[in-house]
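Novice: From first to last, the protein sequence lines stand for chains A, B and C.
When the count follows the working numbering, it moves up by one through the first sequence with no breaks and lands on 284 for the last residue.
When the count follows the working numbering, it moves up by one through the second sequence with no breaks and lands on 827 for the last residue.
When the count follows the working numbering, it moves up by one through the third sequence with no breaks and lands on 351 for the last residue.
Think of the hints as simulated: they come from the structure by calculation, not from any bench.
Any given hint could turn out to be false.
As the list claims (entries may be wrong) - DSSO-like cross-link-like pairs, simulated, lysine-lysine; straight-line CA separation at most 27 Å:
hint : chain 1 : residue 1 : chain 2 : residue 2
1    : A       : K280      : C       : K181
2    : B       : K597      : C       : K257
3    : C       : K339      : C       : K85
4    : B       : K567      : B       : K496
5    : B       : K674      : B       : K612
6    : C       : K257      : B       : K567
7    : C       : K85       : C       : K181
8    : B       : K605      : B       : K587
9    : B       : K674      : B       : K696
10   : B       : K696      : B       : K731
11   : B       : K605      : B       : K567
12   : B       : K505      : C       : K297
13   : B       : K567      : B       : K597
14   : C       : K85       : A       : K194
15   : B       : K696      : B       : K818
16   : B       : K587      : B       : K567
17   : B       : K731      : B       : K587
18   : B       : K501      : B       : K822
19   : C       : K83       : A       : K194
20   : C       : K339      : A       : K280
21   : B       : K587      : C       : K191
22   : B       : K567      : B       : K674
23   : A       : K280      : C       : K191
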Amino acid sequence: MAPAVVLLLGWMLVPLIMTLYFSFKKYLPLRGDTMGGGLDWVGFDNYSRFFNSSAFWPSVQATLIIVGSVLVITLVLGVLLALLLDQPMWGQGVVRILVISPFFVMPTVSALVWKNMFMDPNNGVLKYVYQFFGAEPVQWLTEASMESLIMMVSWQWLPFATLILLTAIQSLDSEQLEASEIDGAPALKRFWYIILPHLGRAITIVILIQTIFLLAVFAEIFVTTGGAFGTKTLTYLIFQRVLESQNIGLGSAGGVYAIILANIVAIFLMRIVGKNLDK
Amino acid sequence: MGKIVLNKVQKKFDDVEVIPPLDLTIEDGEFTVFVGPSGCGKSTLLRLIAGLEDVTSGSIQIDGRESADAPPSKRGLSMVFQSYALYPHMSVRKNISFPLRMAKMDSAEIEKRVDNAAKVLNLTDYIDRRPGQLSGGQRQRVAIGRAIVREPAAFLFDEPLSNLDAALRVGMRLEISGLHKRLDTTMVYVTHDQVEAMTMADKIVVLQAGVIEQVGSPLELYHRPQNTFVAGFIGSPKMNLFSGEVAEGYGAHTIGVRPEHFAVSESGGQWSGVVGVSEHLGSDTFFHVHETGLSDMVTVRASGDVALNHGDRISLTPREELIHKFDNKGLRIT
Amino acid sequence: MARSVTTKRKMINTAAAWLIGLLIFFPILWTILTSFKTEAQAISNPPVLFGFDWTLENYATVMERSNYSRFLWNSIIIAGGSTILGIIIAIPAAWSMAFVPSNRTKDILLWMLSTKMLPAVGVLYPIYLLFIQLGLLDSRAGLVIVLMLINLPIIVWMLYTYFREIPSEILEASRMDGASLKSEILYVLAPMAVPGIASTLLLNFILAWNEAFWTLNLTASKAAPLTAFIASYSSPEGLFFAKLSAASTMAIAPILILGWFSQKQLVRGLTFGAVK
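The shape of chain A in the complex, shown without the other chains:
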């Protein structure tokens, strides 16, 4: 037990403390600050500068839009898909494999495939589809960058939501549904009053887990827009401050904000998992 605990403890504490440390200091290595030369203490300066910077609120907004949209899309489509897959059909195993696949494609590949092969304004497949229907093709990544990103990430995470919800649906005791049918409930009511509440727990889990991972979306942005056209999420903003413009103090303060945000979501997830452990 001990090695695992010690390692994780170290992994958590050491970098965390360092981030905290840097957040209170002025540290711009490109301008000659070095750790050995001593760093100036700036108190909460970095925090207020990060918060008040013109990029902050847009990044929060971008984050919320992306996370929120992907959640809504994956949940709604996920429930519908899960219901469909639960129906009797031929070749269910194969369909499951088709639906599952996007999750296992590495994010850089998925982003590039979408960017170059679908969304490219000159040669992308979507351009031809639009033209086929006589519509004006969209300049995806430049004009509709948020939508593009949301589409890519939703495509990647829809399988996860579907699989979890399908598992939950299949764990629903069929006798409950049969009893309600005998009691005269039509299909829509059966869905609303029996299936949906049963899914409540699974939906909550999907929301919480996906939120944690969606807050950290990185590769897709890195490889497509580079944060331009309003797609700079909080995570990406911090990344830029730290590794691109190399303002370590500022970036670290931003990092602390991100950690706090993630922890809030994490607390809710812990409660549910904790309750499940008691069983």
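Chain A is fixed; fit chains B and C onto it per the hints.
Specialist: Coordinates of chains B and C only, in the frame set by chain A:
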């Protein structure tokens, strides 16, 4: 050889005393059954003897040796679990030979014993299959085979038949009893089913809340239960217990009459009532009688050709010499 | 549903499901198909689905020119190494929590889980700095350590749930049968735990292979795995769809197939047992 003596054995889980200090002697070769309702401590007691739980205090002597501190493997006992606990990744042969391999027995001897056990238990055709490919009854026999090969001082059985269907249960009961006669080894058997207890035991230990209510042979417990608990537990259907005026008339706080100890007629008996549900089994009929003034419902057994039905009046006369009398503490008045 | 369903209904379900499934799978299918086209055909107007001349030239080019095998090898070592290391560390921890639970067990498990919630970006710079100081930047060893640490909570958790499913009666039976602790572990527990360990290995190998934050930021040229390799194609260098498709197909094909077989593990591993 296989004598087990429990002296002031006590078991606490954290601060909860599950078994107050208890004394019990199991003679060599006896088939002893621990019986009682759920939660009475019978399985705990068995596990204490096995060594799977530690006693809080007290001594356990197995075969003359003090064993309360010995680990399970050193007590010379074998156990058959309720779920059989077979090793799923090993064949029947490997399952049965496992204890012998742990004892580092010579492989020729191992093979001999395993083949022998397989023959005795009719497992030779399945000896290379895995537990997953066997039926419930077959798995049971493998579990028994694994227990037999060690030639232990005593066998422990923890509700081994509860996972089998009714027909199989009857057959396995006979097999286990037959095994006992053949091997002549001590067997300690836990069950909640009093029919199993009555048919298989040399000696029955009735337990409630960790306390021994009575120890005796099946017929002793049937004819002379020492308290109302044992009286109501042994015998199926349950003994009828009446208190109040009718009991005082017999000089007791509570009297008991077994369903099979009534004479039944349409009228003219000592007590009368109305038939509620009647269960016709062909060989016997069971009447559940109401409005007798004795208690809410009196259960009566009559021969199969008594033709009374729901709503009929029925007349009951108890066999006086078979009425059991209990005082206000529930203890038998002799 | 236990009843028989009308064939018509089944046909509708099948048609709808297959349509949607193919739609979702389409980008992957397109990539695979494009990898076998010539560059010219890859951007043909209108785009062609099946009716083209199949060629393997893209695969040949990618493998020769860009040193593909080094990136592939890096991915294998990093994903495999971090997972195996993680399992070795996690087994004793999961064991003691499953078989010798204490009052703190639940808290420790939840805490481990919470370390996975830590946003990577929040600790990016310190790790970066540490790596430079320890000489681990752009090294496979460094990445093995980091990926092991981020997956350790999932590995511990999965092993814990698998260990808990081993019926304790079987272990008790082995004790009654005279097995020492070593024998009990070796002959009874380990064989029964193997499927669980294999499942854990499978899922975490996949997760490590696809990891695209630390692999992008902590590697340059020497230790870069396939995630970084593909990312380097993000700036277009002229007509290159077909080659990109070939590189992509090679990068994702093995994991895609492994993924098809790990659906159950996915549910167990990523919902931490909260959905059954």
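Novice: All hints are to be evaluated individually against the structure, with a verdict given for each.
Specialist: Taking the hints in turn, this is what the structure says about them:
no.: 1; hint: A/K280 x C/K181; verdict: holds, 10 Å
no.: 2; hint: B/K597 x C/K257; verdict: holds, 15 Å
no.: 3; hint: C/K339 x C/K85; verdict: holds, 25 Å
no.: 4; hint: B/K567 x B/K496; verdict: holds, 16 Å
no.: 5; hint: B/K674 x B/K612; verdict: holds, 17 Å
no.: 6; hint: C/K257 x B/K567; verdict: holds, 16 Å
no.: 7; hint: C/K85 x C/K181; verdict: violated, 46 Å
no.: 8; hint: B/K605 x B/K587; verdict: holds, 13 Å
no.: 9; hint: B/K674 x B/K696; verdict: holds, 15 Å
no.: 10; hint: B/K696 x B/K731; verdict: holds, 20 Å
no.: 11; hint: B/K605 x B/K567; verdict: holds, 23 Å
no.: 12; hint: B/K505 x C/K297; verdict: violated, 63 Å
no.: 13; hint: B/K567 x B/K597; verdict: holds, 14 Å
no.: 14; hint: C/K85 x A/K194; verdict: holds, 22 Å
no.: 15; hint: B/K696 x B/K818; verdict: holds, 24 Å
no.: 16; hint: B/K587 x B/K567; verdict: holds, 21 Å
no.: 17; hint: B/K731 x B/K587; verdict: violated, 45 Å
no.: 18; hint: B/K501 x B/K822; verdict: holds, 25 Å
no.: 19; hint: C/K83 x A/K194; verdict: holds, 23 Å
no.: 20; hint: C/K339 x A/K280; verdict: holds, 22 Å
no.: 21; hint: B/K587 x C/K191; verdict: violated, 43 Å
no.: 22; hint: B/K567 x B/K674; verdict: holds, 26 Å
no.: 23; hint: A/K280 x C/K191; verdict: holds, 19 Å
When held up to the earlier numbered hints, the structure conflicts with 7, 12, 17 and 21 and fits the remainder.
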